[in-house]
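Note that the protein sequences, when read in sequence, are chains D and X. Numbered according to the numbering used here, the first sequence spans residues 1 to 230. Numbered according to the numbering used here, the second sequence spans residues 1001 to 1378.
Note that these hints are calculated values from the structure, not bench results. It should be emphasised that the depicted structure is a prediction, and the values quoted were computed from it without experimental measurement. The C-beta atom is built at its ideal place from N, Cα and C for all residues, glycine as well. Warning: the hint list may mix true and false statements.
[Said to hold, decoys possible] Below, a list of computed lysine to aspartate or glutamate pairs in the DMTMM-like style, where the Cα atoms sit at most 25 Å apart:
#1 K1373/X - D74/D
#2 K1365/X - D58/D
#3 K1279/X - E135/D
#4 K1200/X - D74/D
#5 K1366/X - D115/D
#6 K1200/X - D58/D
[What the hints assert, rightly or not] Computed footprint of chain X on chain D, listed as stretches where at least three residues anywhere in the stretch have a Cβ under 8 Å from a Cβ of chain X:
#7 71-82
#8 94-100
[Said to hold, decoys possible] Only some residues are given here: those of chain D computed to face chain X with a beta carbon under 10 Å:
#9 E27
#10 N49
#11 S52
#12 L54
#13 E55
#14 G86
#15 Y87
#16 G107
#17 K130
#18 H134
#19 G138
#20 R148
#21 A149
#22 Y226
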Amino acid sequence: MIQIKNLHKYYGTKDSKTEVLKGISLEINDGDFVAILGASGSGKSTLLNVISGLEPADAGTVCYNGQNICGMSDGEITLFRKKTIGYVFQQYFLLPNLNVEKNVKMGADLVKNKDYRSLIEAVGLAGKMKKYPHELSGGEQQRVSVARALAKRPKVLYLDEPTGALDEATGRLVLDLICSLKKELAFTMVMVTHNQNIAEMADTVISMNSGKIVTQYQNEHPKSAYQIAW
Amino acid sequence: MIVNFKDIYKMIGMFIVSFCAVLVSTMFLNYYLDLITVENLITTEVSQIFYEAQCSTSKVVSTVSGGCLLLTTVVLLCFDIRHYVDTRQKQLGVLKALGYTRLTIAGNFRMFGLPVFAGTALGYAFAHLLMPKLYELQNKDGYLPEVPITFHPKLCMALVLLPTIFFSILAILYSYIKLKVPALQLMREQSAYKIVPAKKDTDLPFLQELQRSNVRQKKSLIFFITFAVFCFSAMTQMSFSMDELASRMMSIMVMAIGLVLAVVTLFIATTSVIKANRKTITMMKVFGYSAKECQKAVLSGYRPWAYLGFALGTVYQYTLLKIAVTIIFKDMEGVPDYQFDLPVMLIALAVFLILYEMLMFSYTKKIEQLSVKEIMLD
C-alpha cells in the first residue's frame, strides 16, 4: 500500500516560491489502477515525480508498505527505485544507441530477468528486436518503453501521459496492452493523464487542480481501451 | 549572436593548449634565431659541436612540442564546434528555417579564434619573461659566446596573429560543413544520433553492451583519451631523463606541458562523454542503477585505450631519447648513455592510476548530482 500524507512541494527561489503541491493526502491499494487527472499546471506530474521518488518532497510523507521514502539518501532512493518502481514516459526516453532487445535488457538486468524476450513478444515487437529506436514508429517506441519498464518486474508502474505523443489507434493499442499486462502481472499502476476518457479505464480517479485533489472516486465499471471515447 | 562570449569562456582547453604551444615555440625559436647570429664568433671545435647540438635541440623542441600542441588545438577546435552544433541543433535549425544562410551562421563561429588569440598572446608574452633564464641555462657551461636576446616581430606574426586567423577561418569552414544538414533535421535534433550499430550480435550484460556501444558511437574520444595519457606518460618519464641529459628547466617545462595536456584533454573528453550521455545516465538512475554503475557504463570502455596510451608514451619517449643521445649528441663529451628507467616508469604508472581513478571518482560524484527532472524537461 502507498500512503501519502500532507505532501507539499515548492518551486522557484526564496523570493518567488510557487507551491505546486498543497498538502496532498491519499492512499493507493496494492494492485489498484489509479488515474491522476488534471489540466496543465495542476501539479499531477509533480505528484507522480514525488511519490515515485524522482523528486524530493518539501514536506509530508510517502510510505510504501510503511517505509517512508522522503528523507532517504540518494543511494537509498536509487535502491528503492530499483526494487519497486517502473516508469513509462510520454517521450519514451529509449537509449538511442541500443536496439530494442538491449533497451529492454536495461530493465531486465536489474532483477536478473532472463525471460525479457517474452515481454518484447508480448508487446508485439518480436520481429523488431534488432531495430534501433530511430527505426521505430512512436507507438512502437512506447511499446518498447512499456516492455523495458515491466522487464524489471516492478511492484508499481508509473506512467506519465503514456499516449500523449500517439495517435488514437496507436494510443488505444498501447493502453490495451498495458492493461492486459497489468492483469497478468498484477502490479499497481498510477497513470497521469489530462484526458478524461482515458481516466475511465482506471479503478480510482483522482482529479487535481492548482496543487490540490478536488475529487476522488472509484470507477464501478472501468472501461477497456476500445470502449472509451478518444 | 549565435556564438557569444559565454560559450568562448568554456573553451578553456583551447586557450591552455595554445598558450603552452606558443610559450615553448617562442622560447626555443627566439633562442634559435639569436643563436645563429653568434655562429661566426665560434672558434673552437667543442663550441661548434655544442652550437650544432643546441640548434638541433631548439628546432626539435619547438617543432615537436609546438607541432603536437598545434595539432591538439586543431582537434580540440573541431571537437568544440561539433559539440556546439550538436547541443544547439534546434537553435541553429530555426535560424536556417528563418532564412539565414549557412555562411552567415558559420561566420559567427569566427569567435572560436578568440581563445586561441588569448592563449597565443599570453604564451608569447610569458615566453619573453622566461627567456633570460633559458638563455642563461642553455649556455651555463660557457661553451658559446654570450647570446643576446632580440625581439623578433616575425615570431609574433607567425605564432600569434597567423594562428588566430587560421583558427578563425578553420572554425568558419568546419562549422559550414557541419551545418550542411536540412533545417528540419537540425530542429528535430536528428543529426546528433548517427547510430553506429554493432557488427556482431552479442549477448552481454546490459552494462557491458552500453559500454561497448558508447565507445563505438564516440570513436573520436578514443583518440583524445589515448593521446592524453600518451602525453602524460611520455612527458613525465622524459622529464626525469631530461634532468640528467639536458637541464632542470627543460625537465620542469616538459613535465608541466605533459601534465597540462593530459589533464586538459582528459577533462574535456570525459566531460563531453558525460554531457553527451546525460539522458542515458538519467534513465539509468531512474531505473535504479547506481552512480558508480552509470560511470562504469559510460566511461569504463575507454580504460583500455588509456592504458594503451600509457604504453605508447613509454615506448615513444624511450625511442626519442635513445635516438637523441645516439645521433644528435653522439659527438658531445659528458653526455651519459641513456637506459630505460624502470623505477621512473613505475612511478609514472602509479601517478597515472591515482589521477585517473580520482577523475573517475569525481565523475561518479558529478553523476550523483545530475538532476533527473531537469534532464527530463530538457
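Restraint check, 10 Å cut-off on beta carbons, for S52/D near chain X: holds (9 Å)
Measure nothing beyond the straight line between the CA atoms of K1373/X and D74/D; if it is 25 Å or shorter, mark the hint as holding. With Cα atoms ~14 Å apart, K1373/X and D74/D stay inside 25 Å; holds.
Starting from K1200/X, check that the Cα of D74/D is at most 25 Å away, please. It is violated: about 37 Å lies between the C-alpha atoms, which goes past 25 Å.
What's the verdict on K1365/X and D58/D, does the C-alpha distance respect the 25 Å limit or exceed it? Given that 25 Å is the threshold and the Cα spacing comes to 23 Å, the pair holds.
Interface hint status, H134/D versus chain X (Cβ within 10 Å): Interface hint status for H134/D: holds (6 Å vs cutoff 10 Å).
May I ask you to test the interface hint for A149/D with respect to chain X, counting a Cβ-Cβ separation under 10 Å as satisfied? Holds - the Cβ of A149/D comes within 10 Å of chain X, reaching about 8 Å at its closest.
Let's test the interface hint: is any C-beta of chain X closer than 10 Å to that of E55/D? holds (5 Å)
Min Cβ distance, R148/D to chain X: is it shorter than 10 Å? holds (8 Å)
Check, residue by residue, whether the region 94-100 of chain D contains three or more positions whose beta-carbon lies closer than 8 Å to a beta-carbon of chain X, and give the verdict. Contact hint for the region 94-100 of chain D vs chain X: holds, 5 residues under 8 Å.
Hint check: 10 Å Cβ-Cβ cutoff, L54/D to chain X: Cβ of L54/D sits 5 Å from chain X, so the hint holds.
K1366/X and D115/D: Cα distance at most 25 Å? Violated, at roughly 34 Å.
Holds or violated: is there a CB of chain X closer than 10 Å to the CB of Y226/D? Violated. Min distance 31 Å.
The structure shown violates the earlier hints numbered 4, 5, 6, 9, 19 and 22.
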